[in-house]
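Asks: Protein chains in written order, with this note's numbering: chain H, 25 to 327; chain E, 3 to 342; chain Y, 22 to 325.
You may find that some hints are simply not true.
As the list claims (entries may be wrong) - Covered by chain E, per the in silico footprint, the following chain Y stretches (three or more residues, Cβ under 8 Å):
(1) 197 to 207
(2) 222 to 229
Claimed, not checked - So, partial list: chain Y residues that the calculated Cβ filter (under 8 Å) puts toward chain E:
(3) H94
(4) T214
(5) G232
(6) L244
(7) R245
(8) R322
Stated by the list, open to error - Derived, one-sided and incomplete: chain Y residues facing chain E with beta-carbon distance under 10 Å:
(9) R70
(10) G73
(11) L233
(12) S234
(13) S237
(14) H242
(15) T246
(16) L249
(17) P250
I should point out that these hints are in silico values taken from the structure, not numbers from a laboratory. Glycine is no exception: its CB is placed at the ideal position from the N, C-alpha and C atoms.
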Amino acid sequence: MSTVMDANLADARAARKDPASPRAIMRRRARSHVGFLIGAGIMLAAVLVAVCAPWLAPYDPYAQDLSKTLVDPVWTTGSWDYILGTDALGRDYLSRLIYGARVSLTVGFGAAAIAGVIGSLLGLVGGYFGGRVDTFVVYVLNVKLALPSVLIALSLVSIVGGSITAMVVILGLLTWDRYTVVTRSVVQQMRSNEFIHAARAIGASHTRVLFREVLPNVMNQIIVVASLEIAIVILIEAALSFLGLGVQPPTPSWGLMVSEGRAMMFFKPYLIVLPGMAIFLLVMAINLAGDGLRDITAPEGRA
Amino acid sequence: MSAHSQPLLQVDGLSVEMDVAAGQLRAVSDVSFEVGSGRTFCLVGESGCGKTMTSLALMQLLPRKARLSARRILFEGRDLARMPPREVARLRGDRMGMIFQDPMTALNPVYTIGDQLAEVYVRHRRASRKQARERAVELLERVGIMSAGQRLAQYPHQLSGGLRQRVMIAMTLMCEPSLVIADEPTTALDVTVQVQILQLLKKLQAEMGMAIILITHNLGVVARMADDVAVMYGGRIVESGSPAQVFGRASHPYTRGLMACMPTRGEAGPGQRLGSIPGTVPSLVGELQGCAFRNRCAHAGDDCGHGVIAMRDAGGGHHYRCVLAAGAESGRHAVQEALQ
Amino acid sequence: MLQFFIRRLGVSLLVAITVSVIGFALLRLSGDLASALAGETATPEEIARVAGMYGLDRPLYVQYFDWVWGALHGDLGTSLFSRTPVLELIVDHLGVTIALALCSLLLSLLVAIPLGVVAAMRPNTWVDRTALALAVFGQAIPNFWFALILIFVFAVKLQWAPVSGSDTWVHFILPTLTLGLGTMPAKMRLTRTGMIDALSSDFVRTARAKGLSARSVLFKHALRTAILPVVSVSAVSLGFLLGGSVIVESVFGLNGIGQLAFQSISQIDFPVVQSILVFLAFCYIFLTMLADLINARLDPRIKL
Numbered sequence: 025m026s027t028v029m030d031a032n033l034a035d036a037r038a039a040r041k042d043p044a045s046p047r048a049i050m051r052r053r054a055r056s057h058v059g060f061l062i063g064a065g066i067m068l069a070a071v072l073v074a075v076c077a078p079w080l081a082p083y084d085p086y087a088q089d090l091s092k093t094l095v096d097p098v099w100t101t102g103s104w105d106y107i108l109g110t111d112a113l114g115r116d117y118l119s120r121l122i123y124g125a126r127v128s129l130t131v132g133f134g135a136a137a138i139a140g141v142i143g144s145l146l147g148l149v150g151g152y153f154g155g156r157v158d159t160f161v162v163y164v165l166n167v168k169l170a171l172p173s174v175l176i177a178l179s180l181v182s183i184v185g186g187s188i189t190a191m192v193v194i195l196g197l198l199t200w201d202r203y204t205v206v207t208r209s210v211v212q213q214m215r216s217n218e219f220i221h222a223a224r225a226i227g228a229s230h231t232r233v234l235f236r237e238v239l240p241n242v243m244n245q246i247i248v249v250a251s252l253e254i255a256i257v258i259l260i261e262a263a264l265s266f267l268g269l270g271v272q273p274p275t276p277s278w279g280l281m282v283s284e285g286r287a288m289m290f291f292k293p294y295l296i297v298l299p300g301m302a303i304f305l306l307v308m309a310i311n312l313a314g315d316g317l318r319d320i321t322a323p324e325g326r327a
Numbered sequence: 003m004s005a006h007s008q009p010l011l012q013v014d015g016l017s018v019e020m021d022v023a024a025g026q027l028r029a030v031s032d033v034s035f036e037v038g039s040g041r042t043f044c045l046v047g048e049s050g051c052g053k054t055m056t057s058l059a060l061m062q063l064l065p066r067k068a069r070l071s072a073r074r075i076l077f078e079g080r081d082l083a084r085m086p087p088r089e090v091a092r093l094r095g096d097r098m099g100m101i102f103q104d105p106m107t108a109l110n111p112v113y114t115i116g117d118q119l120a121e122v123y124v125r126h127r128r129a130s131r132k133q134a135r136e137r138a139v140e141l142l143e144r145v146g147i148m149s150a151g152q153r154l155a156q157y158p159h160q161l162s163g164g165l166r167q168r169v170m171i172a173m174t175l176m177c178e179p180s181l182v183i184a185d186e187p188t189t190a191l192d193v194t195v196q197v198q199i200l201q202l203l204k205k206l207q208a209e210m211g212m213a214i215i216l217i218t219h220n221l222g223v224v225a226r227m228a229d230d231v232a233v234m235y236g237g238r239i240v241e242s243g244s245p246a247q248v249f250g251r252a253s254h255p256y257t258r259g260l261m262a263c264m265p266t267r268g269e270a271g272p273g274q275r276l277g278s279i280p281g282t283v284p285s286l287v288g289e290l291q292g293c294a295f296r297n298r299c300a301h302a303g304d305d306c307g308h309g310v311i312a313m314r315d316a317g318g319g320h321h322y323r324c325v326l327a328a329g330a331e332s333g334r335h336a337v338q339e340a341l342q
Numbered sequence: 022m023l024q025f026f027i028r029r030l031g032v033s034l035l036v037a038i039t040v041s042v043i044g045f046a047l048l049r050l051s052g053d054l055a056s057a058l059a060g061e062t063a064t065p066e067e068i069a070r071v072a073g074m075y076g077l078d079r080p081l082y083v084q085y086f087d088w089v090w091g092a093l094h095g096d097l098g099t100s101l102f103s104r105t106p107v108l109e110l111i112v113d114h115l116g117v118t119i120a121l122a123l124c125s126l127l128l129s130l131l132v133a134i135p136l137g138v139v140a141a142m143r144p145n146t147w148v149d150r151t152a153l154a155l156a157v158f159g160q161a162i163p164n165f166w167f168a169l170i171l172i173f174v175f176a177v178k179l180q181w182a183p184v185s186g187s188d189t190w191v192h193f194i195l196p197t198l199t200l201g202l203g204t205m206p207a208k209m210r211l212t213r214t215g216m217i218d219a220l221s222s223d224f225v226r227t228a229r230a231k232g233l234s235a236r237s238v239l240f241k242h243a244l245r246t247a248i249l250p251v252v253s254v255s256a257v258s259l260g261f262l263l264g265g266s267v268i269v270e271s272v273f274g275l276n277g278i279g280q281l282a283f284q285s286i287s288q289i290d291f292p293v294v295q296s297i298l299v300f301l302a303f304c305y306i307f308l309t310m311l312a313d314l315i316n317a318r319l320d321p322r323i324k325l
């Protein structure tokens, strides 16, 4: 029995090499979709910056120099010592911005991964089995949706503290609802398709069908949701850090930097403009890439 | 063709082009025909031959990317091709109406039947809501819907397919237009209902005297309904005339091919293959040289590849667009029977 | 209709109870609320005393039912910080948040819907591209940063609006702009997509074929159908505005529920926090029920 199924799956995989296959179509679309290319490009750059931070940052982001506080960026002073100036504790802003990328991306991807697993699993199971299982999934979803996420995040951080790990876990546990909604609806539509019946008819167990037949087909949608949710998580983390109940000082989080610079924003606007722009650019890039992904993976026939 | 008065509709040189990724698509090329008052004109062809585009062009309902050009489109003596869009819009629903293929999607799901029927009348006759409702009831009864008064408050999703199509017909006739275009009005319906709807259309035409342009890909429908018929292929009319002429003495190879596809009582038995036309419709993008059918035609020759093939007169109002000689009597029994 | 209510009420009740349990238990997760309240340097006797004072030494389910019982009688406990009844605190702060939420929702709809309609009428033209670019920008701007920028430009440089406080309606201008424009992009895109679909639909083609006026086609037929999902999204958005306004309230110094919750969380004022959490959740449940009702009224295909 299983050899027949394996043979069928091998056939399907071979079909993917065909130029008219969905994969090839997607690759072609990806290459010409401007939004996606720009977004993905900026994202890649951000990841590279974050990874190569130790080599890119001119100074140690934690090193204070109280004799050089609130130095203006190069466009005011003309000096290239501190290209983007320093903050109230004399720490180089450029270096803190670079390391801040690490925080945003770690929290963003980490939380999205956790939320993605939780949410997709729930949605898969609910959509596939239907009946009581689905009722339970919908009930859990409704409970989650009713709870005010931001306030719960604040409460949890006040209890467990604001380490990066804590942020990843907390935000991961608070942003899984979209995954559930999308996967559940997709799987429900798939249930009426023949191939699930066919797989069950040749004796595949539920688990096997779920993971080898259903999941690959939902994967596209999950990735699209994930890319947009990463942006949302980054924004929430920035907001929480801004309020003081997120990443704690002296860790450089862009949101935290805005809050730290707030007191002097009227005299040294760069203190809030720069980290804010960083958040804005990264989030916009992720959104562009996510929207582009949605266009690219859309089934043929949609304009 | 009514000889004593101007035809209701005279289309002369209608073309429709669309902007597509690959260039210019010639959906309709130089189409000309006439429709007399109170007569039924059938436009036949397979999907993509341009028949729907032609009808949309007449009503000026073409999609954004499409462009219409015509020498003349005379409707009730006025040239639609030269009229400003706003005036054409005034004619729509009033002097000419359109029945669409799928009544489920063609009706607005959030408004009642009564609402959708009444708004046409209110718009064109400046009637009060009460008058419009009365008119709506009257028309629903004429299309054979019982308890019409109660139906007014119902929504489209509450009716069966056949009922919905009757409602669409009633809606089109609210202002007694002189021309009704029906685009595949029975295709989306059950077979049993199809016959009823066609009979209804015939009856209403006898009562109200409107001309009907019936678009279909079903030759049986043509046989049942048409006074005049035109066959379209690749955006052009390739044969036109009365049904007896076009089917009985099919002259264009495409029409001949269509006739061969139809199973005939007494001729085709079990195990025998039905006819089919090999090949596929060519792309209509860019300039078209010669006959669009030549890549599928058994008789294609050198003359078929150049210039524009002109319409030839086969006598008695029968025209066809081919360089070959007119066809002889062909024994298409099924069609003959239907025409009796 | 009645069946819908009863069924929905039943489901919502279950969700509400679950939510109340979660809201109740959340702050007690830290393990020992009593020692957190007593302080780091407290002795075991002091901790025990604190526990007894707030009834924290009783079993959890007893504490929970005690609280629910009280809540059903209008007693949500007393704030540890200000010694005022929690109910009173919430009511005092509610007005600001509701005003802000409603104004922001109104603003976002007033901008999103026309923009979405215009963009849909001319897809892929500069109007459309500008609207979409605005949406992309709007969704990427962090709201706290946007608030600060608005303060910087309008309150400080131009002196058109006050910086903070909630005394007069003028104080609500900048916060409303922040929240309203921040939630606008999603609704605009939804409207645009809905309108594009509607304008190319068969029933709009029928409406045109009937010779109806352009205005009738656009509003009576196209927009009416396209607007349905925006209604649901607006209800959810309102729920979010009520619960997520903590940032804007904090930046602008508005004394709303969000600000109250934030302060209470920082002060471990757990009676206030748990009541606010549950209250907001109840608001959301109610709003989604309302959205379903409105949807059913607007779309006759939906059977309740």
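Asks: If a hint holds in the structure, say so; if it does not, say that too.
Replies: Going down the list of hints, with the structure as the test:
Note: the segment 197 to 207 of chain Y has 0 residues with beta-carbon separation from chain E under 8 Å; the three-residue rule is not met and the coverage is violated. With 7 residues having a Cβ less than 8 Å from any Cβ of chain E, the segment 222 to 229 of chain Y passes the three-residue criterion, so the hint holds. Violation of the interface hint for Y/H94 is found here, the shortest Cβ-Cβ separation to chain E being roughly 45 Å, above the 8 Å cut-off. Interface restraint check for Y/T214: the shortest CB-CB distance to chain E comes to about 17 Å, outside 8 Å, so the restraint is violated.
For the restraint placing Y/G232 at the interface with chain E, the shortest Cβ-Cβ distance is roughly 3 Å, inside the 8 Å limit, so the hint holds. The beta carbon of Y/L244 is not positioned within 8 Å of any beta carbon in chain E (closest approach about 11 Å), and the interface hint is therefore violated. For Y/R245, the shortest C-beta to C-beta distance to chain E is roughly 6 Å, which falls under 8 Å, so the interface hint holds. With 8 Å as the threshold, the beta carbon of Y/R322 comes within range of chain E, its nearest partner Cβ sitting at about 5 Å, so the hint holds.
A least Cβ separation of about 65 Å between Y/R70 and chain E goes past the 10 Å threshold, and the interface hint is therefore violated. This hint is violated: Y/G73 has a C-beta 62 Å from the nearest C-beta of chain E, more than the 10 Å allowed. The interface hint given for Y/L233 holds, since its Cβ lies 6 Å from the closest Cβ of chain E, which is under the 10 Å cut-off. For Y/S234, the interface hint holds, the least distance from its beta-carbon to any beta-carbon of chain E being 7 Å, beneath 10 Å.
For the restraint placing Y/S237 at the interface with chain E, the shortest Cβ-Cβ distance is roughly 7 Å, inside the 10 Å limit, so the hint holds. A hinted interface residue such as Y/H242 counts as satisfied when its beta carbon comes closer than 10 Å to some beta carbon of chain E; here the least separation is about 6 Å, so the hint holds. Interface hint status for Y/T246: upheld, as the beta-carbon distance to the closest one in chain E is roughly 6 Å, under 10 Å. Annotation: Y/L249 was flagged as interfacial toward chain E, and the flag holds, the nearest CB pair being 8 Å apart, inside 10 Å.
Interface restraint check for Y/P250: the shortest CB-CB distance to chain E comes to about 13 Å, outside 10 Å, so the restraint is violated.
In the structure shown, a violation is registered for the earlier hints numbered 1, 3, 4, 6, 9, 10, 17, in ascending order.
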